[in-house]
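Residues per chain, in single letters:
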Amino acid sequence: MDIKSLEDRFEAKIAAGESIEPKDWMPEKYRKTHIRQISQHAHSEIVGMLPEGNWITRAPSLRRKVALLAKVQDEAGHGLYLYSAAETLGISRDEMTEQLLSGKAKYSSIFNYPTLTWADIGAIGWLVDGAAIINQVMLTRTSYGPYARAMVRICKEESFHQRQGYEIMLTLCNGTPEQKALAQDALNRWWWPSLMMFGPRDAESPHTEQSMKWKIKRKTNDELRQQFIDITKPQADILGITIPDPDLKWNEERGHYDFGDIDWDEFWQVVNGNGQCNKDRIAAKQKAWDEGAWVRDAAVAHAEKKEQKKQKLSA
Amino acid sequence: MKDQSLYEYLLMLGDNSMILGHRLSELCGHGPSLETDIALTNISLDLFGQVRSYFQYAAELKGDEATEDSIAFLRFDRDYRNSIIVEQPNTDFAHVIVRQFLFDSYHVPLLEQLMHSEDETIAAIAAKSIKEAKYHLRFSSEWMKRLGDGTEESHQRTQAALNHLYPYLHELYHESPIEKEMKEQGIGADLSVVKDHSLATINEVIAEATLSIPESEPRMVRGKQGIHSEHMGFILSDLQFMQRAYPNMQW
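Which chain is which? The protein sequence lines are Z and R, in order. Numbered according to this note's numbering, the first sequence terminates at residue 320, and the numbering increases by one at each position without gaps. Numbered according to this note's numbering, the second sequence terminates at residue 623, and the numbering increases by one at each position without gaps.
Some clues are possibly wrong.
Covered, in the sense of this in silico footprint (three residues per stretch, anywhere, with C-beta under 8 Å from a C-beta of chain Z), are these stretches of chain R [claimed, not checked]:
no.: 1; region: 396-404
no.: 2; region: 420-429
no.: 3; region: 514-521
no.: 4; region: 609-615
Just so you know, these hints were derived from the structure itself, not from any lab. Bear in mind that the values here come from a model prediction, so they are computed numbers and not experimental data. Quick reminder that beta carbons are idealized off the backbone N, C-alpha and C, glycines included.
Let the hints inform the model, and build the full structure from the sequences given.
Below is the structure:
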């Protein structure tokens with residue numbers, strides 16, 4: 006079959022809402038786009054372990070400590086199945102790790118902000134996981150089968166994390182004035198970066214059009230961002246803390262909240278490596294990778310020795 | 373308190389799990405591979421689960437508004453009863469594995485005895501924890517063999533970790549007055565039996581890992597009496613930070 010008819014068949018499958026599977030023919034650009042997006046998503050899970058891991062040893066109660074440990078462990082698990090989904094497209098986990106460490110592959114910029122207080126653990130669960138879920142629920146219907154299936158599982162766990170984060174915020178807001186101040190401060194610092202998680206405005210998003218056409222994405226960045234704001238504002242009201250945006254108000258006509266301008270200069274600065282923690286996050290992953298080299302080598306060497314012994318025995 | 377000795381025995385059991393769990397939790401996100409990261413976090417989670425069971429029971433015995441958290445976070449350093457080995461730092465992955473393996477070799481036979489404790493709560497906690505501890509021992513034993521009989525570097529690092537940690541092992545076997553009293557009441561374990569089982573496991577795994585048992589004398593340490601290493605203050609400053617900085621609050 007020539008390329009043109011393969012392409013036609015592929016486009017027809019997408020148009021009919023069928024999923025694309027690893028053995029199916031796919032255009033090179035579709036494959037590359039998926040490797041980029043899935044590995045970026047996997048890296049986000051892995052790098053995201055660091056800011057939250059920062060508070061495990063200092064969690065304020067045993068119950069919270071156990072929940073946070075389990076949450077960060079879930080993220081490692083998500084990383085694992087996302088890397089596996091990307092591997093179905095012909096790239097190895099080691100290659101992806103190297104791309105992360107060299108800076109070639111990106112991860113969600115939100116993790117380049119520091120976690121300064123315990124309330125940040127609540128705010129990340131509530132806002133960052135909340136924003137992630139909106140993206141991910143959409144991705145459960147994405148056209149590439151392995152990615153969509155990974156998302157179904159991830160979404161279940163993420164929505165649990167989100168509720169847990171909100172519950173931390175609720176406890177703080179129902180606590181002492183010092184605790185409520187921690188919650189407000191965390192909201193002040195995490196609100197705008199959370200809105201930036203949906204990516205540039207549609208007009209400036211280089212990948213949106215093709216991604217919509219291939220049903221990788223089913224909603225645009227701006228639509229998802231609006232959805233997040235509409236869901237989150239009433240939740241902040243219940244907490245009794247204030248979203249740091251004086252222009253945030255209900256627009257009866259649109260049936261949505263209006264909101265103020267996002268600082269896109271900050272967004273691009275962080276994307277381009279100048280956020281507070283970009284260097285630290287990669288340095289931490291680099292250190293773990295370098296210090297783990299002899300361990301990984303030992304595991305391989307031992308497995309080979311065992312195999313040789315087995316062969317000798319059977320010879 | 374009527375059950376002062378039982379209370380202190382629970383602290384000993386809980387503190388070992390807590391401080392080791394804390395050390396493992398420091399590694400979360402920094403492991404040599406995703407799989408080991410997940411496994412070590414899992415062990416940490418199991419240990420903290422055990423801590424909660426021991427301390428909830430201890431809080432019940434203590435009364436006066438004690439909670440699992442006041443026991444975990446609001447004691448002074450001299451009141452922690454863990455052995456020194458679990459405080460030892462995560463110098464490298466070999467130290468993490470050797471520390472875990474030596475502790476697991478002791479933990480499994482300890483729990484096997486505690487399952488038959490006259491104290492029903494301890495017996496129930498041990499019955500639940502033994503499954504976890506057996507899994508931990510399998511994990512750490514496998515890694516001992518991989519590292520010991522892996523590359524030259526991994527062998528050297530693991531032997532160095534064993535040389536450092538082995539002398540601390542003996543404190544776990546050394547019977548303190550509280551442990552003696554609990555044993556005599558049929559509540560606590562007989563550490564001489566635990567020691568025999570633990571050493572048998574160690575000898576077997578060390579041989580298979582092509583490592584050797586250091587000939588050094590046991591280190592003179594008294595963690596069970598609350599005399600800890602210099603590491604302990606730093607562990608507690610992390611562990612207790614929130615409870616000290618924001619006292620009397622709900623989280």
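Comparing the hints with the structure gives:
By the rule of at least three residues with a Cβ nearer than 8 Å to a Cβ of chain Z, the coverage given for the region 396-404 of chain R holds, with 7 such residues. Only when three residues or more bring their CB closer than 8 Å to a CB of chain Z does the claim for the region 420-429 of chain R stand; here the count is 5, and the claim holds. Chain Z is given as covering the region 514-521 of chain R, and this holds because 4 residues of the stretch bring a CB closer than 8 Å to a CB of that chain, at least three being needed. Beta-carbon proximity to chain Z at under 8 Å applies to 5 residues in the region 609-615 of chain R; the threshold of 3 is reached and the given coverage holds.
In terms of the numbered hints stated before, the structure departs from none.
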